Amino acid sequence: METNEIIIRLAGEGGEGVISTGDIFTQGAARTGYHVFTFRTYPAEIKGGHAWYQVRVGAHHVRSMGDGVDVMVAFNAEGYYNHKHLINKGGVLIYDPDTVTPEENSSIVAYPIAFNAIARKELDFFRGKNVIVTGFLAGLFGLEPSSLEGLIRGRFARRPELLELNLKSLYTGYEYATKKIEKRDPFFLTPVEKIGRLVLSGNDAIAAGALAAGCRFFAGYPITPASEILETMSKELPKLGGVSLQAEDEMAAIGMVAGASFGGLKSMTATSGPGLSLMTEFMGWISTSETPCVIVDSQRAGPSTGMPTKLEQADLNHALYGGHGDFPRIVIAAGSVEDAYFRIIDAFNLSEKYQMPAIFLSDQSLSHRTESMLKPDSSRIHVEERLKPTAEELKQYRRYLVTESGASPISQPGMAGGAYVAPGLEHDEKGHVDTPLQSHMVMMPKRFRKLDGAVKDLGQLPRHGAANATIGVIGWGSTEGVIEEAVDRANARGYKVAAVHPKVISPLQVDDLKKFMNSVEHVIVPELNYSGQFAHYIRSILGNDIVQLNKYAGLPFTPGEIFKKIEEVASNGKQRGNSHR
Amino acid sequence: MVSSAATLTVKDYKSDVKPTWCPGCGDFAVLSATYKALADLQLRTERVVIVSGIGCSSRIPYFLSTYGIHSLHGRALPMATGVKLSNPDMTVMVMGGDGDLFAIGAGHFPHAASRNLDLTTVCMDNQIYGLTKAQASPTTKIGQVTKSTPYGVVAKPINPLLTALAAGATFVARGYSAKPKLLADLFAAGIRHKGFSFIHVISPCTEFNNTYSFYDAQVTDLPADWDKSDLQKALGMAITEEKPHLGIWYETQRPVLDQVLHSLEKETKPFDPNAYLKRFE
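Residue numbers (the working numbering), protein chains in the order written: chain A, 1 to 581; chain B, 1001 to 1281.
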């Protein structure tokens, strides 16, 4: 019997190889041609604490963590007890009988494998235990060991003594599954066409997309879960003639970014909620001085230091409204890893074209999860360059020239005739600050009407699901895949459901959203926060009734959770209104 | 408009915006010295960027015909860092007050100095908050009664020269608004210096803290045999001096951040998305 997909979860002590075991298996599966979607969670400590890793591997596009766990690998007793209740009926438990004593459970298939003892006694290589597990999983579920072998060869290319031991560990685990035990579970992956897929994390995609968009200056301050972007940019920008710098704090990071953008480079910083709070003072300066800048906020559970390694979509209010005074900004939230690659390019394009801050929202799950994707089509990439003044305009240069679109040509140091002072004070067309009252009346509408142009650039909001839907689901950010999966499930079971997922939150595609909301009877807004920030935002603009579905458990939605809400709304149709959680 | 061939004079650096400072303000002398230093060095206006924060003295970019940034309170150094790193060939000056550089922006100062970016930072120190009308600043003297310290200042004043020397500034000097010739020379020397130059300027506020007669009597030149390569001596002087010494206290050479960051790779190439993404296969 073959299965289209398997959800495998590995759990154990942090720092003991749970994540690396999962990563090797995932990458091997993607190289073989399978689709993968991973999620990982780990304690804030470096060593110790409880860590787990989940990979959903499928012959079809897998877009979320899925529901429950098909295969549970318990590295220790804590791993077993924390997750045993999530094993689906008919699922599999893999454990080391020397460390875990499972309870009687006839509804699952249990495979004891003493991987610690095998590593120590048979191989005399204790660190091989993780690779033994990887090999065992491959053998049990029909993943060819050759792609795993290739990965291990790559990883240990410069350590021949370790390479041999790791390969031996891999095949020991593989043969244990294929020769030493009797397979009693139904999970065996459908063979797929061998298409090499990329496997990358959200943070990988954000950095790659930023480089493709032309970002040549980066400054940041380390913070979970955004630090990998700083690390990648610091490694890559020097090769491109760009500059990346670790600042002394987030105020400095965004200040450097604004300064470099004034200097003519496309510039970006990346942070998480606590850093965004510190950068807020600059958002107003950037918007009023009309200096293009991209700010990535990989959200984590707050408030304050909150739960640094856990997920929440709770910085939306801050991104939309943070800062004193009244100023326009772009807010973009990507739906998946692949989407992150293209949307960060949109963030640069909109920021450069409309000369305002673009806040790009990721979150802990999107930044750190990996997904497989085909190599993105470079021809889909359009890169916007900033509007430079002409020789004629430089004769009488006005940096803040009032135009129909609101955007004015930007000079940069070195350009003769283009000198101006970028001000935080209200200013006239030349940037002079001596007549603020008159200037304010002209400059406020000039700055704000740039949003009208930006919303026109966005095109139509795509719709997913039934054409004649009665229930509509509107989401934002990293939940796109899980929502669409729930919608597909609902439609397959006879409900009529559709979803839209705006990627640009400011400016919002209000007309499309209005059309969608008016076309359905009920609207559900699922989001990973307590209060329903996006639901409130939409209500404030469109006034429609919305059923909120809020989760603040530090974990992503499962398709089942959203599906359950759809069922509930379908059966309680008369109880409309702004139900809260 | 400045053409490239002609000799530049002081008036080429003046913008059409008239300074907003009170009569007698020390900052006028700083502005004049800046014009003069830029003219002495024949720097083209489009190749100079003046970055300031917030405060009376931070209005200075508007009064020059160069590029400028009037940034946020305390954030002139980070912004100047971005400007210089994106345009290593430009002359970038940071100009601000004692509050901007040593209170709200104090967190940035040691890092800017330790990085040794090629910036010339001028602190116009009037030992008072002028724009908000006479509250204590981080350099106000112990015991001084101001509007915000009616019982007198308790905190020991921040010592800008000691801070700059300790953090790793590679050029440290002090000037006084009542000595405009020296000021212009210090600015020119600071700009010529490759690395982080810090020039502390005693720049009295005639309105709220008029210290001209005090400093006229106090300021003194550095000893004739002063060895400006001696960091220990400079640090000692910064701690023990009773009368403020004017001149170049310290100068040394260290790798300059903008040069280092722009030479990490011998060859640079354009970004190729397909080649880059290969690592994720």
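Bear in mind the hints are in silico, worked out from the structure with no lab data behind them.
Just so we're clear, the structure is a prediction, and the values are computed from it rather than from any experiment.
Be aware that a few hints might be false.
[What the hints assert, rightly or not] Some, not all, of what chain A presents toward chain B, calculated at C-beta under 7 Å: (1) Ile195; (2) Gly196; (3) Phe217; (4) Lys239; (5) Glu248; (6) Ala252; (7) Met256; (8) Leu265; (9) Leu278; (10) Glu281; (11) Gly306; (12) Lys375; (13) Pro423.
[To be verified] Capping the alpha-carbon separation at 27 Å, the derived lysine-lysine pairs in DSS-like fashion look like this: (14) B:Lys1014 - A:Lys239; (15) B:Lys1228 - A:Lys388; (16) A:Lys235 - B:Lys1181.
Where a beta carbon is used, it is the ideal one built from N, C-alpha and C, also for glycine.
Checked hints:
1. Ile195: violated (11 Å)
2. Gly196: OK, holds: A:Gly196 within 7 Å of chain B, min 5 Å.
3. Phe217: Nearest chain B Cβ about 6 Å off; hint holds.
4. Lys239: With a minimum Cβ separation of about 5 Å from chain B (threshold 7 Å), the hint on A:Lys239 holds.
5. Glu248: A:Glu248 check passes; min Cβ-Cβ to chain B is 4 Å, inside 7 Å.
6. Ala252: Since the shortest Cβ distance to chain B is 4 Å, the answer is holds.
7. Met256: OK, holds: A:Met256 within 7 Å of chain B, min 4 Å.
8. Leu265: Interface hint status for A:Leu265: holds (4 Å vs cutoff 7 Å).
9. Leu278: Hint violated; A:Leu278 Cβ to chain B Cβ min 11 Å, cut 7 Å.
10. Glu281: Constraint on A:Glu281 satisfied, holds at 6 Å.
11. Gly306: Check failed: Cβ of A:Gly306 comes no nearer than 23 Å to chain B, outside 7 Å.
12. Lys375: With a closest approach of 6 Å, the A:Lys375 hint holds.
13. Pro423: holds (5 Å)
14. B:Lys1014 - A:Lys239: violated (40 Å)
15. B:Lys1228 - A:Lys388: violated (46 Å)
16. A:Lys235 - B:Lys1181: violated (46 Å)
Taken one by one, the earlier hints fail for this structure at numbers 1, 9, 11, 14, 15 and 16, listed in ascending order.
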